[in-house]
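Quick mapping for you: the protein sequence lines, in order, are chains A and B. Each residue of the first sequence is one higher than the one before, counting from 1 in my numbering. Each residue of the second sequence is one higher than the one before, counting from 1 in my numbering.
Don't take each hint at face value.
Stated by the list, open to error - Where chain B lies over chain A, by a calculated footprint (3+ residues, C-beta under 8 angstroms):
#1 43-52
#2 58-69
Stated by the list, open to error - Pairs of lysine-lysine, DSS-like flavour, derived with a Cα cap of 27 angstroms:
#3 A:Lys45 / B:Lys63
#4 B:Lys63 / A:Lys42
#5 A:Lys103 / A:Lys45
#6 A:Lys42 / B:Lys23
#7 A:Lys45 / B:Lys23
#8 B:Lys12 / B:Lys23
#9 B:Lys12 / A:Lys103
#10 A:Lys45 / A:Lys107
#11 B:Lys12 / A:Lys107
#12 A:Lys103 / A:Lys39
#13 A:Lys42 / A:Lys107
#14 B:Lys23 / B:Lys63
#15 A:Lys42 / A:Lys103
#16 A:Lys107 / A:Lys39
#17 B:Lys63 / B:Lys12
Hints in this document: simulated from the structure, not taken from any laboratory. For glycine and all other residues, C-beta sits at the position ideal for the given N, C-alpha and C.
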Amino acid sequence: DVQMTQSPSSLSASVGDRVTITCRSSQVISTYLAWYQQKPGKVPKLLIYSASTLQSGVPTRFSGSGSGTDFTLTISSLQPEDVGTYYCQNHNSAPLSFGGGTKVEIK
Amino acid sequence: QVQLVQSGAEVKQPGASVTVSCKASGYAFRTYDINWVRQAPGQGLEWMGWVSPDSGNTGYAQKFQGRVTMTRSTSTNTAYMEVTSLRSDDTAVYYCARGLIILGAADAFDIWGQGTLVTVSS
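Looking at chain A on its own, in the form it has when it is part of the complex (with noise of 0.2 angstroms):
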């Protein structure tokens, strides 16, 4: 099975910075790497998917890169509503499996 790490797992910046969380799988995954953002108390969302591909609806200020095993999100001008929990999430073949997921904090 597909295992996939995260880091860190938390962070504080400030509003404006530019955030980059980075995601590695323990198999390559070619580019079928998804990320989700869960805000307090809140359902999971999809921002992206196959890498690089930004669901419809999601500012554009999230962007997704990497292939095989290394991977980054990254947040180009950080917003007070992105606070919450980012999470990967290999979408290569089953069994499906997410990383154990970076929380992002206003510093």
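Fit chain B to the known structure of chain A by using the hints.
Relative to chain A, chain B alone:
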């Protein structure tokens, strides 16, 4: 609008079973797989498995094989997940999620139900 609406919270004793339902509306139910994901209190997301509303085919994470059954009713556009032999560590919010169709790949999840809290306690 496209949505998945889940059944309400449950409290169960250890050893009991629970069934969570997930009713789809606003789209062609048969077209998209339904996945189930759970989240224990304060923890991350854990994928449990999927069911094809069209064929009824299923796939489960190895951890849940033999203890979880996913089914669907095409007459009511509803997916179901049954978990048996409940333990305290099954206490979690259980989500159903629609599988986004991505050519050549497995599912990312574009529509989520609101979640169902299942509490296992004596």
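These are the hints, each one checked on the structure:
1. 43-52: holds (count 6)
2. 58-69: violated (count 0)
3. A:Lys45 / B:Lys63: Between Lys45 of chain A and Lys63 of chain B the Cα gap is close to 25 angstroms, so the pair holds against 27 angstroms.
4. B:Lys63 / A:Lys42: 26 angstroms, holds
5. A:Lys103 / A:Lys45: The hint holds at about 15 angstroms.
6. A:Lys42 / B:Lys23: Given that 27 angstroms is the threshold and the Cα spacing comes to 19 angstroms, the pair holds.
7. A:Lys45 / B:Lys23: 19 angstroms, holds
8. B:Lys12 / B:Lys23: 22 angstroms, holds
9. B:Lys12 / A:Lys103: With a Cα-Cα distance of about 31 angstroms, the restraint between Lys12 of chain B and Lys103 of chain A is violated, given a limit of 27 angstroms.
10. A:Lys45 / A:Lys107: Between Lys45 of chain A and Lys107 of chain A the Cα gap is close to 23 angstroms, so the pair holds against 27 angstroms.
11. B:Lys12 / A:Lys107: 41 angstroms, violated
12. A:Lys103 / A:Lys39: Cα-Cα ~10 angstroms, so holds.
13. A:Lys42 / A:Lys107: 22 angstroms, holds
14. B:Lys23 / B:Lys63: 25 angstroms, holds
15. A:Lys42 / A:Lys103: 14 angstroms, holds
16. A:Lys107 / A:Lys39: 17 angstroms, holds
17. B:Lys63 / B:Lys12: Given that 27 angstroms is the threshold and the Cα spacing comes to 21 angstroms, the pair holds.
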